[in-house]
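Student: Assembling the complex is the task here: the two chains are given apart, and the hints tell you how they should meet.
Sequence lines, in order, name chains A and B.
Under my numbering, think of the first position of the first sequence as 1, with each following residue one higher.
Under my numbering, think of the first position of the second sequence as 1, with each following residue one higher.
Zero decoy hints are in this set.
For each label pair, taking beta carbons as the anchor points, the in silico distance ranges come out as:
#, chain 1, residue 1, chain 2, residue 2, range
1, B, ASN80, A, LEU48, 29 to 39 Å
2, A, GLY22, B, ASP48, 32 to 42 Å
3, A, PRO36, B, GLU125, 28 to 38 Å
4, A, GLY167, B, ASP48, 18 to 28 Å
5, A, ALA18, B, ARG155, 36 to 46 Å
6, B, GLU131, A, ASP166, 49 to 59 Å
7, B, HIS140, A, PHE178, 39 to 49 Å
In short, the hints are calculated from the structure, not lab data.
Built from N, CA and C at the ideal position, the CB exists for glycine as well.
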Amino acid sequence: MSAARALLQGLLDARLAARARGWLADAAAEVAGLAPGPAGRFPTLISLASRALPRGPLAPNADERGQAAAVLAGWNPERWSILDAGRAVLVLSRADLASEAGVAALEDCFRHADLGELVSLYRTLCLLPEPQRFAWRAGEGCRSSMRAVYEAAACDSPLPSRAFDDGAWRQLVIKAVFVGAPLWRVHGLDQRLDPELARMALDLVDERRAAGRRVQPELWLALGSHAGERGAAALERELAGDWAPGRAAAALGLARAGRLDPVRAALAREDDPLARAAMESALAGAHDQFSFAPLHGLE
Amino acid sequence: MRFFDPHIHMTSRTTDDLEAMARAGVRAIIEPAFWVGQPRTQAGSFVDYFASLVGWERFRAAQFGIAHYCAIGLNSKEANDERLAAEVLEIVPRFAFKEGVVAIGEIGYDEITPAEERAYVRQLELAREHEMVVMVHSPHRDKKRGIRRSIDVAREVGVPMQRLVIDHNNEETVQDVLEAGAWAAFTIYPHTKMGSERMVEIVRRHGPERLIVDSSADWGVSDPLSVPKTAQLMLERGIDPAWVERTTWQNALDAYAQSGQIDVEALTAAPRVDQRALYHDNSVLRGQAPRVDAAVPN
Ligand SMILES: [Zn+2]
Numbered sequence: 001m002s003a004a005r006a007l008l009q010g011l012l013d014a015r016l017a018a019r020a021r022g023w024l025a026d027a028a029a030e031v032a033g034l035a036p037g038p039a040g041r042f043p044t045l046i047s048l049a050s051r052a053l054p055r056g057p058l059a060p061n062a063d064e065r066g067q068a069a070a071v072l073a074g075w076n077p078e079r080w081s082i083l084d085a086g087r088a089v090l091v092l093s094r095a096d097l098a099s100e101a102g103v104a105a106l107e108d109c110f111r112h113a114d115l116g117e118l119v120s121l122y123r124t125l126c127l128l129p130e131p132q133r134f135a136w137r138a139g140e141g142c143r144s145s146m147r148a149v150y151e152a153a154a155c156d157s158p159l160p161s162r163a164f165d166d167g168a169w170r171q172l173v174i175k176a177v178f179v180g181a182p183l184w185r186v187h188g189l190d191q192r193l194d195p196e197l198a199r200m201a202l203d204l205v206d207e208r209r210a211a212g213r214r215v216q217p218e219l220w221l222a223l224g225s226h227a228g229e230r231g232a233a234a235l236e237r238e239l240a241g242d243w244a245p246g247r248a249a250a251a252l253g254l255a256r257a258g259r260l261d262p263v264r265a266a267l268a269r270e271d272d273p274l275a276r277a278a279m280e281s282a283l284a285g286a287h288d289q290f291s292f293a294p295l296h297g298l299e
Numbered sequence: 001m002r003f004f005d006p007h008i009h010m011t012s013r014t015t016d017d018l019e020a021m022a023r024a025g026v027r028a029i030i031e032p033a034f035w036v037g038q039p040r041t042q043a044g045s046f047v048d049y050f051a052s053l054v055g056w057e058r059f060r061a062a063q064f065g066i067a068h069y070c071a072i073g074l075n076s077k078e079a080n081d082e083r084l085a086a087e088v089l090e091i092v093p094r095f096a097f098k099e100g101v102v103a104i105g106e107i108g109y110d111e112i113t114p115a116e117e118r119a120y121v122r123q124l125e126l127a128r129e130h131e132m133v134v135m136v137h138s139p140h141r142d143k144k145r146g147i148r149r150s151i152d153v154a155r156e157v158g159v160p161m162q163r164l165v166i167d168h169n170n171e172e173t174v175q176d177v178l179e180a181g182a183w184a185a186f187t188i189y190p191h192t193k194m195g196s197e198r199m200v201e202i203v204r205r206h207g208p209e210r211l212i213v214d215s216s217a218d219w220g221v222s223d224p225l226s227v228p229k230t231a232q233l234m235l236e237r238g239i240d241p242a243w244v245e246r247t248t249w250q251n252a253l254d255a256y257a258q259s260g261q262i263d264v265e266a267l268t269a270a271p272r273v274d275q276r277a278l279y280h281d282n283s284v285l286r287g288q289a290p291r292v293d294a295a296v297p298n
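Bound-form chain B, shown alone (with noise of 0.2 Å):
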């Protein structure tokens, strides 16, 4: 099978990661602009980390056969440091419209403060008048308030529904985002939260209409893998294969490829890793140990 994890911090990931990934049929993947575990005490970090989300990690993944796009944005947790978060709200438009760039995220709240909602209204708004995608970060304390405010806010400042993406849901805060008609992703903890088991019976009860499954893999104990583990365990448990496909593949690939920055038909086709592979049909993307045609299992 082939997989889509739409929210992967690969900044944090090794290669042995990307070729765990590509064995086990990750095809494409997204890694939202998040904190990095530390505060950045300076808006030129940032600087650095976006370029790096839409260049450095782009190329590595394209030498495992994997389709790398981001999303762009200023994660609540420093935009409470106001004196930053003004600077940075400066740089995420020189980097929100650059080619793969799918979204602006992840975005929202975390403690729910007046500084968050300042940085996440400014940024609805950029997605709004860019017809962009929203990616949303949701907290994890007050989680269930925080989903409700991020959804009314978005529609306040005019962002269409089906162009917002709520993550980090669980059973309590699924059905707010879907009766918004927004989209509603999962991410599965290896040991806490979200197990792939209870992202069964989530499926089992709401459908696969609008709800994704993604990894959230990040510095923190976590599992690159969770996509393909809970596609398995969903087949294992009776889910009908149509609906896993939906909510581990083509529901991400309809959310984001609103962006237009998704070559759908390309993604679509069979990958082969050729790490002399073309990169804008001309240049040539390669790391010291080429594979040429060399299926990718998935």
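Pulled out of the complex, with its shape left as it was, chain A reads as follows (with noise of 0.2 Å):
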């Protein structure tokens, strides 16, 4: 039995009634002793799964995420539900994970998915045994339009940044801004930054100005310290700006480019609450991606 399995089976025993838990035990007794491949009935137990485990999240305690993190650096269940949990197991119960008809399975599970079940599955790829053979589906989640399919699959996982070729990893931190999906919430982001993605949410930045909007303040993010002289400029503009989580932001982005004069300066003149923490942070160095947090979701 995988670590992150037995971990998992922790959780839920913790947190279902007695039913539930029979439900998944047999569940997940069943679909070890499938045949290998495609079909036969571990689809239709991930759908049942709504039906036999009850709502809700999962909600693990900060001791149950250290031991999520021990298992694997990286992956984060806090926002995962009791379901998700439920169907990792049953997932992460088949006998074949290690060989292509377990690829085969999966594949055919994710492309008869309703929401849900698509969100636990793009959950579960990272505790998949040899997780980069499913870099391509972890990508086509990225794709999705539906934001708890996209952070399904791109956030608190350490697959995207490990696995994802660079073309895929710059379009995955990019489409979190458009969907509105936390990027501060992607594994890794801040170890994986370069002057192409700086470029890119340089231009990003121009057109949503010229269309006179706001910029998302963690687009701010994906600059780190390759923000050069282009980025330093947006910067300082935005820490010139009447819009105080822009100021946060930027305040935030130029502490990630070295760049600490403009902030202590606008320290000096700076009364909004949200924007004076996020610049006492950054001068305190504490400027990493999840300094952004608090800026999430504004705009």
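Tutor: Shown next, in the form of structure tokens:
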């Protein structure tokens, strides 16, 4: 049994009533005994899980989240539902996951999935053996316009930053801003920024400004240390703007680009609490991707 | 007022429609699988179609504060392409038990052929085994005979009448359906067949018991606001508001909530559009222009 499966099973055991626990145990045993390859009862059980397991968040506590990170660095089940966890246990119960037959079985399941199933399946991909085999499939999730699906594929998982090629990775980052997903929750973002991604982000900044629209605060995350002169100018303009979340993000962005002087100057005249907090944090060296969390969803 | 339109093909409708529906008070809809105007030539087209009913269309409707449910089935027209039909009938069970699937449907007769009957019976059996509601499409030609036959066959297969909804009724067929103990749905067509005015008189004559009003709006000339418009006309013409509520909201809810797939409490609570709204309490559905905490006028 994989460590991830054991952990999820433990989390569920503590949360499920006897009847749901029994259903899951029976279903997992049935899955374990299936012949390799697509179809059979597997997709039906993945569907039926929605009727057998309770609604609601998994809500792992800090200790449990720590255990998850220990099983797989970058995996964070904080936003998982109980149903996601149950379905992941079913997927991880398959005996053929290491083989081509297992890949085909999952692909078949993806192609027949509903919205909730897509979310659960995408969340499970990083827990599979040799998850880079599912890079294309995860990329499909990141191409989705359904935000729940995008997030399940892109966020709280180490798979994209490890397995995506440069093109798919950069599309994922920019797309997060388009669908309004939390870019700060894309694992490994800070470790995989580059000048090309910064250029794409700055082109988008120009496009937004030309259209008279605000720049989403998290878009500045994509610059990192690759802002360059163009990025610095765009950030300073945002820092001088009349929108506090924009000033907050620009301060963090400038600090990420190693330009603290304009942030210091801005702090001296700032009175918005959100922007002040971000500026102080930026000056104190706390400007990694997680520092953008309070700015998510502000537009 | 709030409305439940239990038969509408959103695949063919635009976001303008969704916006207008939400504004008019449509809070919940059911999108039954039907034919898409042009015959499909391969089973894969059905896979993608069914998948859109349980995924994309649900997502789209949610953007406008409308709860989207669906019915899955092989329609009667395409049942006549028997090679294709055999493949599609294998696919139906893969989608029929997913979340938010409230019925097997729309199934039944079009030309009342043996091939249609075989597909109908197979799907009735599936519904009986899994205690599902059945949404029956009645034929436009030879309707009275078609409806009688759909009821008789459903009864022979063993589908309980309280789980049978016969759609596209008119003055000539309603009595048969009500006497059988099934639900009688009426599609309000803007120019032909059943109009709102006729519906008012049917409700006046038969009372609200087991009568359901729907739009069946699709890719043809049809009106996604048929249900609220008919409700308005009923009120104007002196139908008891409680009857209006039953025929445009409660009866559809009662019929399809038998599936266990409708969270009645959540649906009955005053909805608010939050395009960041939770999906299964974790992930979020949202479009490009989030509207948060906007009251839905229904
Ligand atoms: Zn229809």
